[in-house]
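Undergrad: Residue numbers (the working numbering), protein chains in the order written: chain A, 415 to 728; chain B, 4 to 327.
Hints listed in this document are in silico derivations from the structure and should not be mistaken for laboratory results.
Certain hints may be false.
Said to hold, decoys possible - Dumping the calculated DSBU-like pairs for lysine-lysine here, alpha-carbon to alpha-carbon at most 30 Å: (1) K680(A) / K663(A); (2) K227(B) / K565(A); (3) K532(A) / K44(B); (4) K284(B) / K254(B); (5) K680(A) / K431(A); (6) K112(B) / K565(A); (7) K254(B) / K534(A).
Claimed, not checked - Here are some chain A residues pointing at chain B (derived, C-beta under 7 Å): (8) G491; (9) C494; (10) A519; (11) A525; (12) T580.
Even for Gly, the Cβ is constructed at its ideal location relative to N, Cα and C.
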Amino acid sequence: MMHRIRAFEEAAARANKEQLVLGAIHLSIGQEAIASGVCRNLRTDDYLLSTHRGHGHTLAKGANATAMMSELLGREGGICQGKGGSMHIADFGVGMLGANGVVAANINIAAGAAHAIKLKGEDGVACSIFGDGAINRGPFLEGLNWAGVFKLPALFVCESNGFASTTRTEAMTSGDGPAARARALGIPADEVDGNDIVAVDETVRAAVNAIRGGGGPRFIVCKTYRLHGHTASDPAAYRPREEVDVAWKNDPIARCAAILREVGVKAVELEAHRDAAATEMDEAYEIAKAAPWPDLALAYTDVQDIGDPRERAF
Amino acid sequence: MTVMTYAEAGMTALAEEMRRDPLVWAVGEDLGRGGVFGQYKGLVEEFGPERISDAPISESAIMGASVGAAMAGTRPVVEMRFADFALCAVDELVNQAAKARYMLGGQTKVPMVIREPMGMWRSSAAQHSQSLESWYTHIPGLVVAVPSTPADNKGLLKAAIRADDPVVYFEHKNLWGMEGEVPDGDLLIPFGRARIEREGRDITIVSWSSQLHTASRASGILEKQDISAEVIDLRTLWPWDRDAVFASVEKTGRLLITHESVSVGGFGAEIAATVSEYLFKALKSPVRRRAAPRIPISYAPLLEDVVRVSEAQIVETVLEMMSS
Ligand SMILES: Cc1ncc(C[n+]2csc(CCOP(=O)(O)OP(=O)(O)O)c2C)c(N)n1
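Let the hints inform the model, and build the full structure from the sequences given.
TA: So, in structure tokens, the structure goes:
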């Protein structure tokens, strides 16, 4: 899965360079272990709410890569019919209820999805993944408090990649950070090396089990590093090269490969995985490129039932 | 028919819908105690605290969590307490609830009702008195309802709860105690269908919510002066009943729109522009508006009254229009 996410992001970056993805895209290169480690512990019917940096989460939750790539290119066959693009990618068929263009907005929505699970007496979990910048918006406080008050089956995952856009998050964050804030609201919080797939996997599994057992919400901070710029076109000149070089040595995919080599997986097998992922995503890109533009009539559909603009839009 | 207040009509609507559909639930501050205006009184006893749910003072979470709960298959009725406080949840309403269905390519709908008690009541000043209904008519994806009578409050609220769209539902604080006959059982009033409050020949007066009653009283005064005004209650602003307004203006040739909210950028401007675009030749005099000046609402009663549009002002404007 981590290879697939990396390959998807690389293909998306290429599409962006070739000016076939026109809107901003936010790549999750370097953060793949979080998407993988979280989603492998969620069932298909569990809910996931993501952010602007949501390709990896969506893929890991089970969405189809070609439909996602077609969405990024705004083509027919796009997973949201070309109406959402990168920042609104979603696949309700696999419980992925949407990325979000508004930082921290997914936190309350996930709390609400968890609220619905509880009201209906189901045993699902609603998970929200957000960045360390999101903890400075009001919905972080309101959504966590909400989940705590109503003892909801909600998992909050903070991808602490050190940056909020072009600013270091710590420069704009008072106090001891995300885990401390969650604990202050009575929500058990773990901090984990987000580039260590095994650690993420184990921590998430324990949290999800506790939540499914009726234990109420949980919070996990995954420390990581955003290896590319904020958007695909951001050269990230605001940080020293050496810092990025060091961070690349901590690449979660390389670390995972090292673990696998240690337990006897052959290098050729790992390369085969990587190559298969690259081929899959290249094909997805080619299919998206070849797809036609969406039917213009779609501009007027799925707005609302009452006062439908197809009857009157002016 | 049962005589009940506007507040009781809303309560009846919610209770009937909650009995009918176990996925309907209400959430907001102080609902367990019956709501700040008593419009939820007794409901927690029947439905329990999970379905008539108190909430922390977290407007963005009340709205945002309801968006998530609606996407995950329930039908939340969101109580915002005062329309003014709903401004703390504008992202959740405008960027999330209104847009989710479209942005996500029709993979979901967001069936929720956002109840926003609106308007001037008594000495509540500029943060507890506003009428902001026109803002939401500007947002694709939203339905906007502005009931003016107990019967409409029942029939529109029931229809809003059954709708699959986010419905911004403005109840007027000044009307909570208003009594009226309300049909028993399943009363469902369709959106976008105006009500003719009073038939007339000489001029069309369009209004909604509490101001409708001021317009209606003004038409009584006008009648004594032999001016027959047709008063139309729009009931909903998106969609709004253009056909009813057009039919009336074609008959009378004159149109006055009056609303409690600020005149500048108000929904009256939309109606005036539309009638001018399509019915210019039918008009015997320019379309007029009587609505609030663009000043905040004061606390002191006499200062507060500066913002109110009275029946005398409506009469005065109609007389000007009739003589032009
Ligand atoms: C409410 C809001 N404010 C600002 C932005 C612009 N913006 C987009 S992403 C971003 C940084 C978010 O940082 P973080 O939450 O840490 O996520 P990351 O990008 O690191 O994954 C900002 C400021 C936005 N999308 N929404």
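Undergrad: Now tell me, hint by hint, if it's right for this structure.
TA: Consistency of the hints with the structure:
no. : hint              : result
1   : K680(A) / K663(A) : holds, 21 Å
2   : K227(B) / K565(A) : violated, 63 Å
3   : K532(A) / K44(B)  : holds, 25 Å
4   : K284(B) / K254(B) : holds, 12 Å
5   : K680(A) / K431(A) : violated, 34 Å
6   : K112(B) / K565(A) : holds, 26 Å
7   : K254(B) / K534(A) : violated, 53 Å
8   : G491              : violated, 11 Å
9   : C494              : holds, 3 Å
10  : A519              : holds, 6 Å
11  : A525              : holds, 5 Å
12  : T580              : violated, 22 Å
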